[in-house]
Amino acid sequence: MLKQIQGSQGVAQAIALCRPEVICAYPISPQTHIVEALGALTGSGKLEDCEFINVESEFAAMSVAIGSSVAGARSYTATASQGLLFMAEAVYNASGLGLPIVMTVASRSIGAPINIWNDHSDSLSQRDSGWLQIFAEDNQEAVDMHIQAFKIAEELSIPIMVCMDGFVLTHAYERMDIPTQEQVDAYLPPYDPRQKLDVNHPVSIGAMVGPEAFTEVRYLFHHHTIEALQAIEKASEDFEKAFGRKSGGLLSPYKIEGADTIVLALGSVIGTIKDTIDEMEKEGKKVGLIGIKSYRPFPDKQLAELLKGAKKVVVIDRALQVGIGGVVTDDVIRATRKMDLDIFSVIAGLGGRPITKKGLKDVFNKAMNGELEELYFLDLDKEVVEKQLKREKEDRHTGPLAEAVVRDSVSIHKGGI
Amino acid sequence: MFQIRLHGRGGQGVVTSAEMLSIAAFTEGHYAQAFPSFGSERTGAPVVAFARVHNEPIRLREPIMEPDAVLIQDRTLLESVNVFGGLTPNGYVLINSSHSVEELGLEDLAAKLPKGHLITLPATEYAMKHIKRPLPGAAMLAGFAALTGKLKLESIQEAFKTKYKGKVAEANGLVAADAYHFVLEAKKKMKEA
Amino acid sequence: MSEHQIKFYQTGTFTVGNRLLDPSQRSGQANIERFNSLNSGHRACQGCGEALGARYTVDAAMKATDGNLIAANATGCLEVFSTPYPETSWQLPWFHSLFGNTAAVGTGMAAAMRVKAKKNGGPLVRVLAQGGDGGTTDIGFGCLSGMFERNDDVLYVCYDNEGYMNTGVQRSSATPPAVRTATTQIVGSHPGNAFGQGKEVPLIAMAHGIPYVATASIADLRDLERKVKKAMTFHGARYIHVLVPCPLGWGAASKDTVKLARLAQESGLFPVFEAEYGEITNVTKIRKLAPVEDYMKLQKRYAHLFGPKADQSALIRIKAIAERNIRRFGLLGDERSEPMPPAVQADERADRL
Numbered sequence: 416m417l418k419q420i421q422g423s424q425g426v427a428q429a430i431a432l433c434r435p436e437v438i439c440a441y442p443i444s445p446q447t448h449i450v451e452a453l454g455a456l457t458g459s460g461k462l463e464d465c466e467f468i469n470v471e472s473e474f475a476a477m478s479v480a481i482g483s484s485v486a487g488a489r490s491y492t493a494t495a496s497q498g499l500l501f502m503a504e505a506v507y508n509a510s511g512l513g514l515p516i517v518m519t520v521a522s523r524s525i526g527a528p529i530n531i532w533n534d535h536s537d538s539l540s541q542r543d544s545g546w547l548q549i550f551a552e553d554n555q556e557a558v559d560m561h562i563q564a565f566k567i568a569e570e571l572s573i574p575i576m577v578c579m580d581g582f583v584l585t586h587a588y589e590r591m592d593i594p595t596q597e598q599v600d601a602y603l604p605p606y607d608p609r610q611k612l613d614v615n616h617p618v619s620i621g622a623m624v625g626p627e628a629f630t631e632v633r634y635l636f637h638h639h640t641i642e643a644l645q646a647i648e649k650a651s652e653d654f655e656k657a658f659g660r661k662s663g664g665l666l667s668p669y670k671i672e673g674a675d676t677i678v679l680a681l682g683s684v685i686g687t688i689k690d691t692i693d694e695m696e697k698e699g700k701k702v703g704l705i706g707i708k709s710y711r712p713f714p715d716k717q718l719a720e721l722l723k724g725a726k727k728v729v730v731i732d733r734a735l736q737v738g739i740g741g742v743v744t745d746d747v748i749r750a751t752r753k754m755d756l757d758i759f760s761v762i763a764g765l766g767g768r769p770i771t772k773k774g775l776k777d778v779f780n781k782a783m784n785g786e787l788e789e790l791y792f793l794d795l796d797k798e799v800v801e802k803q804l805k806r807e808k809e810d811r812h813t814g815p816l817a818e819a820v821v822r823d824s825v826s827i828h829k830g831g832i
Numbered sequence: 149m150f151q152i153r154l155h156g157r158g159g160q161g162v163v164t165s166a167e168m169l170s171i172a173a174f175t176e177g178h179y180a181q182a183f184p185s186f187g188s189e190r191t192g193a194p195v196v197a198f199a200r201v202h203n204e205p206i207r208l209r210e211p212i213m214e215p216d217a218v219l220i221q222d223r224t225l226l227e228s229v230n231v232f233g234g235l236t237p238n239g240y241v242l243i244n245s246s247h248s249v250e251e252l253g254l255e256d257l258a259a260k261l262p263k264g265h266l267i268t269l270p271a272t273e274y275a276m277k278h279i280k281r282p283l284p285g286a287a288m289l290a291g292f293a294a295l296t297g298k299l300k301l302e303s304i305q306e307a308f309k310t311k312y313k314g315k316v317a318e319a320n321g322l323v324a325a326d327a328y329h330f331v332l333e334a335k336k337k338m339k340e341a
Numbered sequence: 080m081s082e083h084q085i086k087f088y089q090t091g092t093f094t095v096g097n098r099l100l101d102p103s104q105r106s107g108q109a110n111i112e113r114f115n116s117l118n119s120g121h122r123a124c125q126g127c128g129e130a131l132g133a134r135y136t137v138d139a140a141m142k143a144t145d146g147n148l149i150a151a152n153a154t155g156c157l158e159v160f161s162t163p164y165p166e167t168s169w170q171l172p173w174f175h176s177l178f179g180n181t182a183a184v185g186t187g188m189a190a191a192m193r194v195k196a197k198k199n200g201g202p203l204v205r206v207l208a209q210g211g212d213g214g215t216t217d218i219g220f221g222c223l224s225g226m227f228e229r230n231d232d233v234l235y236v237c238y239d240n241e242g243y244m245n246t247g248v249q250r251s252s253a254t255p256p257a258v259r260t261a262t263t264q265i266v267g268s269h270p271g272n273a274f275g276q277g278k279e280v281p282l283i284a285m286a287h288g289i290p291y292v293a294t295a296s297i298a299d300l301r302d303l304e305r306k307v308k309k310a311m312t313f314h315g316a317r318y319i320h321v322l323v324p325c326p327l328g329w330g331a332a333s334k335d336t337v338k339l340a341r342l343a344q345e346s347g348l349f350p351v352f353e354a355e356y357g358e359i360t361n362v363t364k365i366r367k368l369a370p371v372e373d374y375m376k377l378q379k380r381y382a383h384l385f386g387p388k389a390d391q392s393a394l395i396r397i398k399a400i401a402e403r404n405i406r407r408f409g410l411l412g413d414e415r416s417e418p419m420p421p422a423v424q425a426d427e428r429a430d431r432l
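Chains as they are written, first to last, in this note's numbering: chain A, 416 to 832; chain B, 149 to 341; chain C, 80 to 432.
Source of the hints: derived by calculation from the structure; they are not laboratory data. Where hints are given, some of them may not hold.
Claimed, not checked - Derived DSS-like pairs (lysine-lysine); straight-line CA-CA distance at most 30 Å:
(1) 418(A) x 336(B)
(2) 700(A) x 805(A)
(3) 335(B) x 263(B)
(4) 418(A) x 309(B)
(5) 315(B) x 337(B)
(6) 263(B) x 336(B)
(7) 277(B) x 311(B)
(8) 308(C) x 379(C)
(9) 461(A) x 379(C)
(10) 461(A) x 334(C)
(11) 277(B) x 461(A)
(12) 313(B) x 461(A)
What the hints assert, rightly or not - Which residues of chain B face chain A? A partial, calculated answer using Cβ under 8 Å:
(13) 183
(14) 203
(15) 208
(16) 311
(17) 312
(18) 316
(19) 318
Stated by the list, open to error - Partial list, computed: chain B residues near chain A (C-beta under 10 Å):
(20) 207
(21) 261
(22) 297
(23) 301
(24) 322
For glycine and all other residues, C-beta sits at the position ideal for the given N, C-alpha and C.
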């Protein structure tokens, strides 16, 4: 059914349709509306046979999910930013144990400096944790991906993060088609665990593994994560058959045929890039886009295949490896290392800075004209940066860095939207 | 695509207005997007919200830099925020105020825009009359509908019914009706002048 | 001729065996049908108090739930010695989580089991969460409090050997003052652990108002079994704190484990009591007060408090702690507690079962 609602509400409804059995949550912006909605659905009885637990920290949230999942229940939680880091030990624990927990990450930057707005630092910080990570382009895809997520995770016994841009998607009102319970039931069967705590078949789970076997355990995990590439594609294909629309999958190409310059991006910025590309097309400039839907596992081969005709690749990277460059850029370089490509790492939208058509057009043009640096910070305010660097050269006691920069930023650029 | 930027202060329901606008557009079969500017919002601080209406799926996510319409829910913002920044040449402006365009010192802007595109509307008065609280959202949206012709009055009233129940929804509906007819009248007068 | 009930007191070892007790009073371990939840073959040290305590605790919980029990276990000695890769000595469904989240994992398990019982019918599977003092009073404290506050249906048992023993005897918030550990060594003007304010987790548990809190020791295993059985008659958050001497960590002879536990209780240093909903309901009395020195002299971790170079003030302060406990809990007395009748369960989620 078509609804015009907030992204968070749509996601909550999608999760409820998946018949979770235990939901645990600790509030953190910008995920709060999702868990609040789920709390209301369970409390009112609309979501039946589901326990909703208000926990005392994100570490507790993931731990409760681990406990319920190992006891055989379909389990869900959500977090962002600092919360994801606070539960990091348990995040690795869940994947190492093979517990198919589904978690929404409402992508948000990580402090210090504290910042509540959208970038990909949080989700990407856990890229080695062993969780699958899929990124939604818009709220319809966020709805759809959560439904696919339960299916993928439970099939493989690997937990999965569904990453949706905080505020930009979670707090935006837009049209979503929310499926019916019958449709979801037909697509997603009840959870049948590979392992569980069962009094009729007692097992010990979570024991220490020594040097003799640790490598094999991790290798098997590595193997199954690679298998996830197929599982993610299949889940998307099955979804299209069942629900009549395309969403999820590994990669989403847009107007790449004949394009020398191809842009790569994750999340909501994909929409803005599509509009930018269409405008540039009218001006006679051909730029293509590949939206990355599955970040972990990273679809190396599939990406290399799609980039066969390209000469330049511009990665819009919303997370920074400090002192190095973009996070996703490294994956792209690895995936295409045998190809002859110019790869540009464009650091954009950190801490929620809007990525505009204007800024993107400028970057794409620069790339096509050979004027783009390999590592480029989009919309960087050089004046503010220079001012601070000068200050630091001249004086030792420059005080807190962030505060100085914010002060300059405001004083140099008063007002504005 | 039609882009609307809404200005107000925290606590005045600016974000809700944008959301209601998107719901109204949805009921008329359009694609619509609404989202707040994501600044730290406190009661009384300037707040901006955005809404886009289109007959195709909306993919753009940037804040609205070139609005086709600007709705200003709090007149005092004229002094402190660049509310008209990026307004398109044929754009619309609706200001919540019982003062005239001249009294607000906006003759120059009015001259630049097509006749009848810049209107002041006593939205808070209507809100106080029916809702008894200074929440001018329904009036602003109905005024927008009348000013631009982009939405029907009934759609605005329907939208408020989805979020509010009973008497509150009804009251907002009355506010909307008052504002709608006021703006229609004002437009007519301006065109005749 | 009048009947005169003879009271039997334990003196060191069991001078009175099961055969003279009513069957209902006998230890679960005496029964050939015992669950053996913690089976033999584990790698605990000779004389390990925790292995003894866990064996009795888990079997008692299994008996009380007719085997419908699953366990979450914190990282620590118990987890390590009971599951030496690739073997396990657990015969019930058992899960090792992390160090600091056992209570939260228990919460999740209990929630899952509630949903499963509702959906599939069948008996409700109950949850036992267990860990050492490190995992309970320090790193796991936040999750523990959260579980208490929500009154989740979990029995949490803390096996307190007063230090991080698994990692080499480091100090925890349960380590008594003046004690030598690897991180509170015998150096400086105040050798050993500092005299802090202490952290009495059983009292903190009581402050949460949870249905059942008890302390116990492996010197009175029947009492421990009784308390576990009683705890399982409640639904909601329950906490049992068991003193389990660690011969290696305490520098004591492995044959003295039970003796140490008894002396800890009889000196007043480890009060043994029960509480329900924040009110104390039962105290195990000290019939004959044991000198604190008798307890401490058996342990090398206290050795620096004795001898000519020792700082007398530490011993005086420790005695004061014992005296304060005696006063606070009313520990001195002659009566032996009668077996308590099962408590009347308050409204803990009875409607949600």
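Out of the numbered hints, which ones does the structure contradict? Numbers 1, 2, 5, 8, 9, 10, 11, 14, 16, 17, 18, 19, 21, 22, 23 and 24, in rising order.
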